[in-house]
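Engineer: Residue-level listing of the chains:
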Amino acid sequence: MSVLAASFKRNIASAKGARMLNGRTLAPTINHNSSAGLKVLAVLYKGGDAAKQEPRLLGTVENQLGIREWLESQGHEYIVTDDKEGPNSVFQKELKDTDILITTPFHPGYLTRELVEKAPNLKLCVTAGVGSDHIDLNAAVEKKIQVLEVTGSNVVSVAEHVMMSILLLVRNFVPAHEMIERGEWQVSDVARNAYDLEGKTIGTLGAGRIGRLVLERLKPFNPKELLYYDYAALSPENAEKLGARRVEDLKEFVSQCDIITINAPLHEGTRGLVNADLLKHFKKGAWLVNTARGAICVAEDVAAALKTGQINGYAGDVWNVQPAPKDHPWRYMKNHLGGGNGMVPHYSGTTLDAQARYAKGTKQILENYFKGAAQEPANIIVGLGKYETKSYGQR
Amino acid sequence: LQIVAVLYKGGDAATEEPRLLGTIENQLGIRSWVEELGHEFIVTDDKEGPDSVFQKNIVDAEVLITTPFHPAYVTKEIIDKAPNLKICITAGVGSDHVDLNAAVERHIQVLEVSGSNVVSVAEHVIMSILLLVRNFVPAHEMIERGDWQVSDVARNAYDLEGKVVGTIGAGRIGYRVLQRLVPFNTKELIYYDYAALPEEAAKAVGARRVDDLKDFVSQCDVVTVNCPLHEGTRGLVNAELLSHFKKGAWLVNTARGAICDKDAVAAALKSGQLSGYAGDVWNVQPAPKDHVWRTMKNPLGGGNGMVPHYSGTTLDAQARYAAGTKSILENYLANKPQEPQNIIIGIEGYATKAYGQRK
Chain A
172 MSVLAASFKR
182 NIASAKGARM
192 LNGRTLAPTI
202 NHNSSAGLKV
212 LAVLYKGGDA
222 AKQEPRLLGT
232 VENQLGIREW
242 LESQGHEYIV
252 TDDKEGPNSV
262 FQKELKDTDI
272 LITTPFHPGY
282 LTRELVEKAP
292 NLKLCVTAGV
302 GSDHIDLNAA
312 VEKKIQVLEV
322 TGSNVVSVAE
332 HVMMSILLLV
342 RNFVPAHEMI
352 ERGEWQVSDV
362 ARNAYDLEGK
372 TIGTLGAGRI
382 GRLVLERLKP
392 FNPKELLYYD
402 YAALSPENAE
412 KLGARRVEDL
422 KEFVSQCDII
432 TINAPLHEGT
442 RGLVNADLLK
452 HFKKGAWLVN
462 TARGAICVAE
472 DVAAALKTGQ
482 INGYAGDVWN
492 VQPAPKDHPW
502 RYMKNHLGGG
512 NGMVPHYSGT
522 TLDAQARYAK
532 GTKQILENYF
542 KGAAQEPANI
552 IVGLGKYETK
562 SYGQR
Chain B
10 LQIVAVLYKG
20 GDAATEEPRL
30 LGTIENQLGI
40 RSWVEELGHE
50 FIVTDDKEGP
60 DSVFQKNIVD
70 AEVLITTPFH
80 PAYVTKEIID
90 KAPNLKICIT
100 AGVGSDHVDL
110 NAAVERHIQV
120 LEVSGSNVVS
130 VAEHVIMSIL
140 LLVRNFVPAH
150 EMIERGDWQV
160 SDVARNAYDL
170 EGKVVGTIGA
180 GRIGYRVLQR
190 LVPFNTKELI
200 YYDYAALPEE
210 AAKAVGARRV
220 DDLKDFVSQC
230 DVVTVNCPLH
240 EGTRGLVNAE
250 LLSHFKKGAW
260 LVNTARGAIC
270 DKDAVAAALK
280 SGQLSGYAGD
290 VWNVQPAPKD
300 HVWRTMKNPL
310 GGGNGMVPHY
320 SGTTLDAQAR
330 YAAGTKSILE
340 NYLANKPQEP
350 QNIIIGIEGY
360 ATKAYGQRK
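Residue numbers (my numbering), protein chains in the order written: chain A, 172 to 566; chain B, 10 to 368.
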């Protein structure tokens, strides 16, 4: 940088609210809106070659939710990284003067209380997706940091993933496909643990947006019964439309189900909810699907239950820590016939269709914030100093 | 009289799981009943070649029981060697492994247990559509390898919502597929069939009929095949028809393997003309070790959802078709009328309207 530019930078930097957009560009100061020149930090997942070949992978470090130009044209600084673990990570180092943090559940920047303490300028957290448990919400409440998510952006995507997971577990798909790949053909070996979904009792733990979409999709499969467990009852119209019966005791609920699907957020009331003790009350040979959050189930207890046959299968795309370590038990656990595992990385809510929606929704949330316009109420998890959502536990 | 049944081998599984009724070990659960009536019951899985138990014993058989999951191919040549044969019963749905025209000529009845696994197969269709569109197999394989790279699976993963899904065939299975698709909020549900759905039925699922096959496939993001195999459908999905598909469409075939030209499908998948192919039916079963459908992939290394032929032989389905086979046999032995929907070929000829249009 030339001497002239350097002195220019020093003079301007001392002016209140002024920022350098990058080494050579001064952020506009003619915009007297208090949100001029903010620092926006986004933690997204790496796309690599895929992101270059497939521009619809908007939620990647490379494609940056498609908002870089828009942010910079308004004078904001935009830092995007996938480097999130440890105090030397780009995420943790850049937090110190970040105003707005964008995160995504598929590669979550875990904003712990400790990190919140180190982010004095942080005013707004936006989840590009659904589910904001990776943020310490209680700390956000205390520090008057708002937490918003793009509600609804991938609720259908996840409900479809639930349906797919239920069918592939009950119908024993993975061992059947593996048999074909091995060059073999032994129908009895896969048929012996293959059932129809018809006539089974299916229960959803959580009857919120995703849970209700799952119940709708289950109906034409002619289940024996559809049940739900939730601290909030379905409205009478919904209960009738969906044909789902509420069960108020959790152990009673699980004991009635052939299939259980978890569709609840992760919070203090659901962390570790499905543990060895609860699994004992499942019907022997039940199937369990968890596309909600990994930590709702105790990892070792699920693996053990699958091994003994207490559960016949487990599938889902969420893990207690993401990315999941190479040796995570959920990668390799099997039932006694060598099947029963339908695990995938966390991607159900980041299909190309879903990414378009949550990228757009993230931009809309930012736009509202910059203009001081009202946010969609459904998107507000934590407002100024308090929980707005009713979904993250009873308070 | 002599009853011959060709079923699949169960091995240890059949001993450990008695609900595997459709196995040579568990014999549809009808051995004692048949023997008490004084008939001979020969059960085998050995079906290929003139020295096989099937082909040697067919010469005396009056009743032949077969199953689509391990089909005894009852060719005209074999029928000619079976002078006593009067009735073929399919333990399951789909009797194309019997030369139906030859059966008509000889006044051999062909019956199947209609409806016994139509729901089973419809469920397998929905599962296959979802796992192709949502790119499940590469994602699961990634986890098994110890890897984690979301973008590599997300790049070819879509929602079913908002897509156009079409069924070739709107019979018992095709219609149940349409019913199960309704809440998924597809852009459109369309069908191709020589018989139109009754108006209320079409309205109930919101399905639109398309009269021209090329036009039909060109409108679909997902094509699912749900029709029997007969002269009108053998090789229907060939290279020419595939060239009219939307590029990147997904194709599911749980009907009969031979409806699709296997090499044309493999080539279409390889080029990306198809994004994925899944199903449980093969032009010859058991499928040979080197069958191209075992290993074919799309340009990203995914797009294959093949399994052995088992969708209609879940434990739930086996119970139904075993009970139904016994019922058909019981009616035959007692000279009682059969359920009309079970009659593919009656004594006078084709009774079904599902196996192609006939004068």
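What the hints contain is simulated information worked out from the structure, not anything from laboratory work.
Any given hint could be a false lead.
Here's a subset of chain A near chain B, in silico, CB distances under 8 Å, partners left out [what the hints assert, rightly or not]:
hint, residue
1, Gly218
2, Ala347
3, Met350
4, Ile351
5, Arg363
6, Thr522
7, Leu555
8, Gly556
9, Tyr558
Using N, Cα and C, we set each Cβ at its ideal position, and we do this for glycine too.
Engineer: Hint validation: A/Thr522 versus chain B, beta carbon distance must be below 8 Å. Holds or violated?
Structural biologist: holds, 4 Å
Engineer: So, as I understand it, the hint says A/Arg363 touches chain B; can you test that by seeing if any CB pair is closer than 8 Å?
Structural biologist: With a minimum Cβ separation of about 4 Å from chain B (threshold 8 Å), the hint on A/Arg363 holds.
Engineer: Let's test the interface hint: is any C-beta of chain B closer than 8 Å to that of A/Ile351?
Structural biologist: holds, 5 Å
Engineer: For the restraint on A/Tyr558, tell me whether the closest CB of chain B is nearer than 8 Å.
Structural biologist: violated, 29 Å
Engineer: Grab the minimum C-beta distance from A/Gly218 to chain B and call the hint holds if it beats 8 Å, violated otherwise.
Structural biologist: Hint holds; A/Gly218 Cβ to chain B Cβ min 4 Å, cut 8 Å.
Engineer: Does A/Met350 meet its interface restraint, that is, does its C-beta lie within less than 8 Å of any C-beta in chain B?
Structural biologist: Result: holds, 6 Å to nearest chain B Cβ.
Engineer: With chain B as the partner, please determine if A/Gly556 meets the hint condition of a C-beta pair closer than 8 Å.
Structural biologist: Given a least distance of 34 Å, the restraint on A/Gly556 is violated.
Engineer: Is the interface hint satisfied for A/Leu555? The criterion is a beta-carbon contact with chain B at less than 8 Å.
Structural biologist: With a closest approach of 33 Å, the A/Leu555 hint is violated.
Engineer: Hey, does the A/Ala347 contact hint survive, CB to chain B under 8 Å?
Structural biologist: Holds: closest Cβ of chain B sits about 4 Å from A/Ala347, inside 8 Å.
Of the numbered hints given earlier, the model fails hints 7, 8 and 9; all others are met.
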